[in-house]
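J.: If you want the building blocks of each chain, they are given just below.
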Amino acid sequence: MQEKIILGKEEIRRSLARIAHEIVEKNKGASNIALIGIWTRGAFLSKRLRNLIEKIEGVTVPAGVLDITFYRDDLKIRGLKQPGRTSIDFNFEGKTVILVDDVLYTGRTARAALNALMDYGRPSRVQLAVLVDRGHRELPIKPDFVGKNIPTSKNEEIRVYLEEIDGKDSVVIRSVEE
Amino acid sequence: MRHLITVKDLSLEDVNAIFMLADSFYEQIDSRPIKKVPLLTGKTVALLFSEPSTRTRVSFELAAKRLSADTVTITQSTSSMKKGETLEDTARTLSQYGIDLLVIRHSKAGAPDIISSLGLFPVVNAGDGKRSHPTQALLDAYTIYREYGKIKGLKVAIIGDILHSRVARSNFEILRMFGCRIFVLGPTSMIPSYLPEDVVRLENIEQAIEECDLLYFLRIQFERFNEREVVDIDTYRRKYALTRERFEKIKKRDLRIMHPGPVNRGIEIDSEAVDSEFSLVFKQVKFGLYVRMGILAYLLSERSEEIEVPY
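Chains A and B, in that order, give the protein sequences. With our numbering applied, the first sequence corresponds to residues 1 to 178, in that order. With our numbering applied, the second sequence corresponds to residues 1001 to 1311, in that order.
Derived by calculation from the structure, the hints in this document are not laboratory data. Keep in mind the model is a prediction, meaning the values are calculated, not measured. For each residue, glycine too, the CB sits at the ideal point set by N, CA and C. Careful: at least some of the hints might be erroneous.
Computed list of lysine to aspartate or glutamate pairs in EDC-like fashion (alpha-carbon distance at most 16 Å, straight line) [what the hints assert, rightly or not]:
#1 Lys-1249(B) x Glu-1277(B)
#2 Lys-1036(B) x Asp-119(A)
#3 Lys-1035(B) x Asp-119(A)
#4 Lys-1043(B) x Asp-119(A)
#5 Lys-168(A) x Glu-10(A)
A partial selection of chain A residues facing chain B, derived with a Cβ cut-off under 8 Å [unchecked claim]:
#6 Asp-67
#7 Phe-70
#8 Thr-86
#9 Phe-90
#10 Arg-111
#11 Asn-115
#12 Asp-119
#13 Tyr-120
The shape of chain A in the complex, shown without the other chains (with noise of 0.2 Å):
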């Protein structure tokens, strides 16, 4: 199986500076928005969103974590793994929340995290941030912010590695036998 490493560790420092200016530009600052990332490495992703925009703005925005396990329409659960872990302690009626995550493809995902989101509030405006835009999408669902847009086929797999899990920060691409 042949990898490829499309973003390094710098690359992704960089991008997700420019999104979070991207979101404090496009938000008008940072005092009615919230950060809420989806389960596993979208929640990562968020808390280095909200450090970065802490620095740009002097705001800490609330930040959560969403896990879309039973909202996704393609469902297996695999008996042993964790299931992610949801807490958002914040009320997040009428700001903007900004949903994170680390790779957009079909659109699915973002599709029962809307869902999920839904279920614990009635947010003003939601948003999509994501690190990597892969294509192919199967829904009628569009990011605000991306990192970095790649070109991809669907025998192709994109993986995020991310420091606070995986022990590195790189985003790869690699070939799938069908």
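Following the hints, position chain B against chain A.
T.: What follows is chain B alone, placed relative to chain A:
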């Protein structure tokens, strides 16, 4: 097709998976306004109850509904079973309506096996006669886990009417699976003549309070007594009940008490103890819902080894 008829149908891995699901459901649903996830949308769960039940029936019905499954309830007295329709034919009939899973409570031991052997849909035993009540045992073990942060190695005393108790039998199985040390205490007439090898009989309740980590009281099941079986309540209370005086010692030792419900207040446990912070009785009820959600989700979801779920 997987069934849950006795605890022995589950491996330790299965139980862990169910507990993880229960954790997630509790965490995601308990405190939020919309207490529902779409996991089992389009599935139908049938509840066949031929014995009285509050907790088990309500929690299974709510568990199914909170997973977005449809439910249908059949009770013996208002269904064709009253006209003599057999269990098999009742099951075959339900299967024509596209039932995906059946939860059954029945006064006869073995009734769930009659249906599961037809292979129509997964069957969950919600209590059959004196034999087995696996979902109660699961929720008990889960409650212990939530309270103590572990199950392994705990010393558990099960006190009272062991003979008529399917709860005791199923708890033996699950506590054994987790490596607990199991003790029993009760009137000789309520202790089965054959006890599993690893179950130790205690002499008196003081010994249980001194030596165990957890006291599990059983309800005296008057409705299962035959004509020759009698119990003198005063004698029973004097020897086996959690009275106010004994409760003082429980507090001092910081022990926890459990009971499957319904509690005969003032017989097995005095009210003061039932309602105290040392009692897990109502936690058992609460966690029962989430454990039963875990059971339904586990039995009705496809599992795949290849797919790295969920994300």
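J.: Could you work out which earlier hints the structure fails to respect and list their numbers in ascending sequence?
T.: Hint check: 4, 9, 10 fail, others pass.
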